[in-house]
Amino acid sequence: MKRLITKFVILAVCSATWALAQNEKAPNLKFSHKRGFYDAPFELSITTKETSAQIRFTTDGTPPTRSATAYSKPIPISKTSVIRAAAFKPNSEKTKVETQTYIFPRDVITQSNDGLPPEGFPYSWGENKVDFGMDPRVVNDPRYRDSITGDLKSLPSFSLVMKLEDLFGSERGIYANARSDGREAERPCSLELIHPGAGDGFQIDCGIRIRGGFSRMAMNPKHAFRFFFRKEYGDGKLKHPLFGPNAAQTFDNFDLRCSQNYSWSLGGDANGVFLRDQFSRDTQLAMGHPAARGDFYHLYINGQYWGLYNTCERPEASYGASYFGGAKEDYDALKIPGGFAFGGGGGQRRESPFPTDGNIDAWRRLYDIAKAGLTNDEAYQRILGKNPDGTRNPNDEVLLDPTNLIDYMLIIFYGGNLDAPVSKFGANGFPNNWYGMRNRKGADGFRFFIWDAEHTLLDLHEDRMGPFPTGERFEQSNPQWLWQQCLDNAEFRMLVADRVHRHFFNDGALTAKSATARFLARKKEIERAVVCESARWGDVQGGFGFRPPRPQGPNGGPPAPLSRDVEWKNAIDRIVNDYFPKRGQVVLDQLWGQGLWPDLAAPSFVQHGGSVPSGFKLSMLTPAGTAYFTLDGTDPRSLGGKLSPKAKAYEAPVEIKENVTIKARVLLNNDWSPLNEATFKVTPKA
Amino acid sequence: MKSIYLIRAVFALATLLAFSLTVRAQAEKLSVSEAARTAVLKQHDKDADGKLNDAEREAMRRARSDQGFRMARSGRGRGEFPPLPPEIVKKYDKDGDGRLNEEERRTAMEGMQKQWMELQRKYDKNTNGRLDPEELETLQQDAAEGKIEDVPRMMFGPPRRRGSGPGGRPLANREELVRQMDKDRDGKLNEEELKAVRAELARRASERPQNDQPK
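Protein sequences appear in the order of chains U and L.
Note that this note's numbering gives residue 889 to position 430 of the first sequence, counting from 1, and the numbers run on in steps of one.
Note that this note's numbering gives residue 355 to position 116 of the second sequence, counting from 1, and the numbers run on in steps of one.
Hints are supplied without guarantee of correctness; some may be wrong.
Just a sample of chain L residues kept apart from chain U, beta carbon distances all over 10 Å, derived [claimed, not checked]:
(1) 329
(2) 330
(3) 333
(4) 337
(5) 365
(6) 386
(7) 422
Here are the simulated DSS-like cross-link-like pairs (lysine-lysine), alpha carbons at most 30 Å apart as the crow flies [claimed, not checked]:
(8) U:532 to L:422
(9) U:1076 to U:1028
(10) L:361 to U:588
(11) U:1107 to L:290
(12) U:622 to U:696
(13) L:364 to L:422
(14) L:386 to U:588
(15) L:434 to U:622
(16) L:427 to U:588
(17) U:845 to U:1107
(18) U:538 to L:285
(19) L:434 to U:588
(20) U:1041 to L:290
(21) L:290 to U:972
(22) U:698 to U:787
(23) U:489 to U:696
(24) L:427 to U:622
(25) L:285 to U:1101
(26) U:1041 to L:427
(27) U:622 to L:422
(28) U:1101 to L:290
(29) U:696 to U:794
(30) U:588 to L:422
(31) U:588 to L:364
(32) U:538 to L:427
Under 8 Å between C-beta atoms, here's a sample of chain U residues computed to sit facing chain L [stated by the list, open to error]:
(33) 575
(34) 583
(35) 886
(36) 925
(37) 926
(38) 927
(39) 1043
(40) 1047
Please keep in mind that the hints were generated in silico from the structure rather than gathered at the bench.
Glycine residues also receive a C-beta, built at the ideal position from the N, C-alpha and C atoms.
Bound-form chain U, shown alone (with noise of 0.2 Å):
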């Protein structure tokens, strides 16, 4: 017996000692050379500090497996790379792979200038259209040839490395069948955030997958992408600024999309500004509401560059727990999937909205209530969770954020928005392009996220008020829907009022003043990288669905590359000159003629807001009626229409002795104005 019990102990020990060993963990590797960009070449060193481990390493974005190159000594680096490698102990299973990149951009500038696919890269994208490199007459052009180096590192890369067979397979390639979608869809890569200065990219192992709907197509040689951060991979979570300190700082998934419409790279499109879907991101934001930030980067894909890119945060669950608080459970999310695509899309279109995360209950339980109608304040009131004089009632859930969706429809109206929340395309009788979403334990209502605003800031007459019948089914709900439901309001439409006098007026988010300075803002962070988006996509040909091919070049040859100076300048130029400067009014009209904007014109200050000295006394313009006012943050007018108890007749200037809100409206033969509201602080005395 004892034997017996003796020999268990050893081969138990033996067993453990054993899986131990399975599973120890290679140690890390030391690189002498950080990712980054580079000039002169120079010889990689990789230690580790193991001596039993072998380093092994590849140059083809395929993870380094027992057979691949042992390294032994100092690898010579002179050209644009992407070394992956890891050190392998004799009994150990698990290694980390560490992947590095060094961009060379007097290299990058000449990549493929032929037209042909780089070393290592396939011929053929499976079915997709294929385009490479680098294109000479750009390269060469005298206004480029000094700057286009330093243009490379106008802005920050990041470095995609993986198995090419994982993109351009014809089988198991995800570029090369961009429809395919979902989590059978996803490949293992190495996603590198690379600073060109001083600045804390990042290296991590993820998921990828093709993002977009229209943009999947075979026709489009330029497609954008996702990356989900798993345990599978490594890190389940991004942890890194990547939207600056004020946003989120860990990531489940984010976008790096590629603008399409109007895009250089499919079908080469003139009117390419690759700011139009940021821009109303930004405005957004700067209306006060959370939205889906992004920036722009430069993208390689193992150590190829592939043009301008800009990432977008995903309007998730995740999403909603980082920034509202809770729990993911806790959250509903809706999208509408697919989107309306022309000869391609594939499958069937599904239109009904659904729960990236959560379900539809409480949605379809807003539909419900709103389909009833909304006219009545008890019906309206109770969306927003309160009884029918306004008040809350504690037993009522909070369904809607009204003024959230009053002003996501403003952005949709400003910009001219053709694909969402409706889509012009499937003349107006298909929703798109929406996201919502509502914390089931919370105390908000929907919220409606900008996407996807490609199809914007394009005919300064475009009108996008509807209405459109487009949501009289619950499967093709959506808020321009909802919003249209809640017109037949009178609380609603008086809010509607107040925010278009908010933001139309008094240098508001959507002023020419305002919308110009955003917009020039982010043009101004991209003007230099597009000059390598022309290089790398400004050839692009071969016409797209209804779009005329472009006149030949001299000599019958093709056309010149679509250029920074010429035809992103015109565009630009068109926006900036003519659009922002007119748009406003034309709006201004458009909701008027929707009797959603009143003649009573709400009192002006002789300032509005910011800073005044103690005592200064604030004066107010009411070309007709009588303005009230109050200083406590509260409306001057009541529910239903009523003066309330807290307002005061301005009868003189109001002297203002400390911080203060100041709210005011004019009252004629029982109208009410929009409201005027500024914030003034007091500046102490010297």
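With chain U held as given, fit chain L onto it using these hints.
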């Protein structure tokens, strides 16, 4: 004393006037245009005071909303984008009004998709179930030359051309070179064949006159 009061009164009036002009200038930057107002007021300004009060505005909103819904449901008004080629519109415009309503557009989209599937089958010479780049290029060429019945020339755009040097001249007869180098005649260039193409292009580039070289 009276003169002091007079001076004060004049000063107050001037201040008020200046303020009024300043704020009015700000207000005048954005207001509903006369063009937008004229036609509407005639119909909806019931008390003829030149403005719409709340009740008049709400009546206008409902009337226009009802009209808008009627138009949208009939497919008229705001349903034409992007503009389809005239040949397509003509083919699917059943009611002959010169534009495609919602139903006609759906039929057009389905018809064009079916046509595309048939073209794919026709041009898939190696019957691998998809259009390889060369096959697509042939389709594009035929479409550009008007050889495909019932398909507008512009539908697929001109075939893609690359590799042009200064003045639009080709750097080399690339397509012909590629065809020469496709040793296994599978319609694609494998890595070995690509190496041979690059080497040949480099050789030809070194033989070109100096002023013809890309910088």
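Each hint, compared with the structure:
1. 329: The claim stands: residue 329 of chain L keeps its Cβ more than 10 Å from every Cβ of chain U (closest is about 14 Å).
2. 330: 14 Å, holds
3. 333: 15 Å, holds
4. 337: 15 Å, holds
5. 365: 12 Å, holds
6. 386: 16 Å, holds
7. 422: Per Cβ check, residue 422 of chain L is outside 10 Å of chain U; nearest 13 Å; holds.
8. U:532 to L:422: Violated: residue 532 of chain U and residue 422 of chain L sit about 38 Å apart, past 30 Å.
9. U:1076 to U:1028: 46 Å, violated
10. L:361 to U:588: Status holds; Cα separation ~19 Å.
11. U:1107 to L:290: 26 Å, holds
12. U:622 to U:696: 22 Å, holds
13. L:364 to L:422: Cα-Cα ~19 Å, so holds.
14. L:386 to U:588: 22 Å, holds
15. L:434 to U:622: Satisfied, since the Cα-Cα distance of roughly 21 Å is no more than 30 Å.
16. L:427 to U:588: 14 Å, holds
17. U:845 to U:1107: With a Cα-Cα distance of about 27 Å, the restraint between residue 845 of chain U and residue 1107 of chain U holds, given a limit of 30 Å.
18. U:538 to L:285: 77 Å, violated
19. L:434 to U:588: Judged against 30 Å, a Cα distance of about 22 Å means the pair holds.
20. U:1041 to L:290: Since the Cα atoms of residue 1041 of chain U and residue 290 of chain L sit roughly 23 Å apart, the hinted pair holds (cutoff 30 Å).
21. L:290 to U:972: 29 Å, holds
22. U:698 to U:787: 17 Å, holds
23. U:489 to U:696: 23 Å, holds
24. L:427 to U:622: Holds: residue 427 of chain L and residue 622 of chain U sit about 20 Å apart, inside 30 Å.
25. L:285 to U:1101: Distance ~24 Å between residue 285 of chain L and residue 1101 of chain U Cα, so the pair holds.
26. U:1041 to L:427: With a Cα-Cα distance of about 53 Å, the restraint between residue 1041 of chain U and residue 427 of chain L is violated, given a limit of 30 Å.
27. U:622 to L:422: OK: residue 622 of chain U and residue 422 of chain L at ~27 Å, within 30 Å.
28. U:1101 to L:290: With a Cα-Cα distance of about 22 Å, the restraint between residue 1101 of chain U and residue 290 of chain L holds, given a limit of 30 Å.
29. U:696 to U:794: Holds: residue 696 of chain U and residue 794 of chain U sit about 23 Å apart, inside 30 Å.
30. U:588 to L:422: Answer holds: residue 588 of chain U to residue 422 of chain L is near 23 Å, not above 30 Å.
31. U:588 to L:364: Given pair residue 588 of chain U, residue 364 of chain L holds - Cα atoms ~18 Å apart, limit 30 Å.
32. U:538 to L:427: Holds, at about 27 Å.
33. 575: 6 Å, holds
34. 583: Since the shortest Cβ distance to chain L is 6 Å, the answer is holds.
35. 886: 3 Å, holds
36. 925: 6 Å, holds
37. 926: OK, holds: residue 926 of chain U within 8 Å of chain L, min 5 Å.
38. 927: Cβ of residue 927 of chain U sits 5 Å from chain L, so the hint holds.
39. 1043: Holds. Min distance 6 Å.
40. 1047: 6 Å, holds
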